[in-house]
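**Q** These are the residues of each chain, in order.
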Amino acid sequence: MAELKTKLGRLELQNPIVTASGTFGYGTEFTDFVDLDRIGAITLKSVTMEAKIGNIPPRIAETPSGMMNSIGLENNGIQDLIKRRLPALEGYKNLKVIANIAGHSIEENIECARILEKEKRVDALELNISCPNVAAGGLSFCFDLPVVEKLISKVRDEYSGPLIVKLSASVPDIVKLAEVSIKAGAEILSLINTIPAMEVDITSRKLFFKRGVAGLSGPAIRPIALKAIYDVASHFKIPIIGIGGVSSIEDVLKFLIIGADAVSIGMMNFINPKIAETLIDELDEYLNTNKLTLAELTLQS
Amino acid sequence: MSDATKIIEISDVIKSKQLAKDTFLLVLNSSHISSMATPGQFVNISIQTKLPSANMLKRPFGVHNCGKNKLEILYKVKGEGTNAMTSLAVGDKVEVMGPLGNRFSICKNKKVLIIGGGMGIAPLYFLYNQLKEHNDIIMIHGVKTSDEVIPWTESHIKTHVDDVEGYFVCENIDKYIKKEKIQHIMACGPIPMMKSIAESAIKAGITAEVSLEARMACGFGACLGCVINTKNGYKKVCTDGPVFNASDIW
Chain A
1 MAELKTKLGR
11 LELQNPIVTA
21 SGTFGYGTEF
31 TDFVDLDRIG
41 AITLKSVTME
51 AKIGNIPPRI
61 AETPSGMMNS
71 IGLENNGIQD
81 LIKRRLPALE
91 GYKNLKVIAN
101 IAGHSIEENI
111 ECARILEKEK
121 RVDALELNIS
131 CPNVAAGGLS
141 FCFDLPVVEK
151 LISKVRDEYS
161 GPLIVKLSAS
171 VPDIVKLAEV
181 SIKAGAEILS
191 LINTIPAMEV
201 DITSRKLFFK
211 RGVAGLSGPA
221 IRPIALKAIY
231 DVASHFKIPI
241 IGIGGVSSIE
251 DVLKFLIIGA
261 DAVSIGMMNF
271 INPKIAETLI
281 DELDEYLNTN
291 KLTLAELTLQ
301 S
Chain B
1 MSDATKIIEI
11 SDVIKSKQLA
21 KDTFLLVLNS
31 SHISSMATPG
41 QFVNISIQTK
51 LPSANMLKRP
61 FGVHNCGKNK
71 LEILYKVKGE
81 GTNAMTSLAV
91 GDKVEVMGPL
101 GNRFSICKNK
111 KVLIIGGGMG
121 IAPLYFLYNQ
131 LKEHNDIIMI
141 HGVKTSDEVI
151 PWTESHIKTH
161 VDDVEGYFVC
171 ENIDKYIKKE
181 KIQHIMACGP
191 IPMMKSIAES
201 AIKAGITAEV
211 SLEARMACGF
221 GACLGCVINT
231 KNGYKKVCTD
241 GPVFNASDIW
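If you read the protein sequences in the order shown, they are chains A and B. Okay, so the first sequence: first residue is 1 according to this note's numbering, each after it adds one. Okay, so the second sequence: first residue is 1 according to this note's numbering, each after it adds one.
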C-alpha cells in the first residue's frame, strides 16, 4: 500500500479522491455501488436555507465528451440536510464530509455557515460562488471581487472549520479571483465549476434549456480545468481540489502533477458510480508500481 | 455489497434482431439483473459509438422481458446512441446498470387494460407475463404506421395501426373501458396518449398507472436531471418513478 493520506491544510483525507458537489447526491444514493468509507471525502449537493424546487425541465443534455445541466440547486433546505442527510453518514468513520452552501445572498450564506458550524458530521465547508444555473448569487458572485471578499470573510467569521471556496474558470482573471478569495479567508480552493454553455432545439427553434444557459461538465472541460489549476497553483501555496472531467487514473495523475492536492470526480459518478473507489485502487497501484509518492507527483520544468 | 438492490453487470450480447422499422430486440446474458428486475423497472446501458467519448451517458431502457440469465431490451432507433446499438453483435460486451426505478403494481383478479404506444410496449410485455395468471388482461399495442407493426408471436397482443384505423389508439378508450368493464389500466407511451388515457380512467372512476420517461444522467436519484411536474411538485422519474399513478400527474 502506498501512502495516500492527503493534507489539505487542516482537512486531512485518507486519500486524495473526492466527489464533487451535485454529482454524488448525499452519498447514500451510491452505497449499492461503492464503499463510502474508502473515499477521501464526499461533497454534498449544494444546500440553501429554504428548500429550492430547482429549474423547469429539461435539465440534462448530452454533448460530445460531456453533458450540460440546468438543475438549479434543487434541494430540501438546510434543516432536511441536518435531520435526514447528515445522520445517514454517521457510520462512515474514515470518510470526510464536505457540505456545500450556495445561498443566493451574502446573508443566506452567513446563515448556512452559522448553522453548519454546529454540525459535527460536517468536516469542511465549501462555499459555492460559481454555479451558472441560478438567477441570484451563483456565478454572478465570481464577477464581483469586492462581493467575493465580503462574502468569504463574513462566512469565515461564522465557520471555524476548514473553509473551501469553489471557483469558476469563466472569469476574466482566475488568479485575481483566487488572490481575493485567499485574502478573505479561503483555506482551500476547489476549481473548476461547470462552464456556462447553451444548447438549441432545432425542431422548436428555441433554446433547449428554459433558462438558456446551462453548466457544461465532463471531459470536455478537463483541459480548461488543468489550465485553471496550473494558473492558481503557480501563484499561491494554497491547497487545491481539482475538478473537471476526471474519468481515469491518467486524469487523476495529470491533475495532481499540474498542481492539485486532491482530485474531485464529477460527471463520471453518474456513468460509473463506483469510479471513486476504482481510482483510489488505481492510484495506489500506480504509486507502488512506479515507486513514487504523492509528493513526487509535481510538474517538472 | 450482497444486499445491493442494483448493480453494474457486464453482459454479453446473445441476440440482436430487427423486428420492425427502426425497432430492435437486444437479448443480453445477465445473471443478477435478470433475477432482480420487476415489471416497470429499467436498466441503464452503456453506448459505444465510433467516437468513444461522444455519447458518455448510459441510456435508460425499460426491461422488456427477463428469463433465466437473460435480459431482453426492445428499443427504437432515435439518435446516435440507439443507432450505435444496432451494430451490436453476438458476443459483444455491454455494461448494464440496474434494475432501476419502481415497478407497476401487482394486481389480482382484475380486468386490466395494458396499453402501449410505440416503444411504450417495451416494459408492458414483461408486465403482462407476470400478471396474466391472476388477471383477465386485454393488451393493445398502438403504432403509427404499418411498417412499425411488431410480428408478435403471442396472440393476446392486439395491434392498432393509427394510419390504418384512421384514429389514435386512445381515442376510443372511453367506450372500450365501458364495454369490457375494465377495472385498471397500465400504460406507457407518448405523453399525449397517456394523458388521454388517464383522463378516460378518471372519467370512468377507475385507476391507471403510467410509466414515464425523461432525459437522465445517472438513473439512481443523484443528478436530479429527470424531474417531471406532478400534483405534488417535481418528482424524479428514475427513483420516484418511472411508474406513477396517473392521478398524481393529471
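These aren't lab readings, by the way, just hints derived from the structure by calculation. Incorrect hints may have been included.
[Claimed, not checked] In silico lysine-lysine, DSSO-like type, Cα no more than 27 Å apart, as pairs:
#1 A:5 with A:210
#2 A:210 with B:195
#3 A:210 with B:132
#4 A:52 with B:181
#5 B:132 with B:78
#6 B:132 with A:83
#7 A:83 with B:231
#8 B:175 with A:274
#9 B:76 with A:206
#10 A:210 with B:175
**Q** All the hints need checking, so say for each whether the structure fits it.
**A** A quick look at each hint next to the structure:
1. A:5 with A:210: 44 Å, violated
2. A:210 with B:195: Holds. Residue 210 of chain A to residue 195 of chain B sits at ~23 Å (cutoff 27 Å).
3. A:210 with B:132: With Cα atoms ~43 Å apart, residue 210 of chain A and residue 132 of chain B exceed 27 Å; violated.
4. A:52 with B:181: Answer violated: residue 52 of chain A to residue 181 of chain B is near 44 Å, above 27 Å.
5. B:132 with B:78: 31 Å, violated
6. B:132 with A:83: 44 Å, violated
7. A:83 with B:231: 25 Å, holds
8. B:175 with A:274: 51 Å, violated
9. B:76 with A:206: Satisfied, since the Cα-Cα distance of roughly 26 Å is no more than 27 Å.
10. A:210 with B:175: 39 Å, violated
In terms of the numbered hints stated before, the structure departs from hints 1, 3, 4, 5, 6, 8, 10, listed from lowest to highest.
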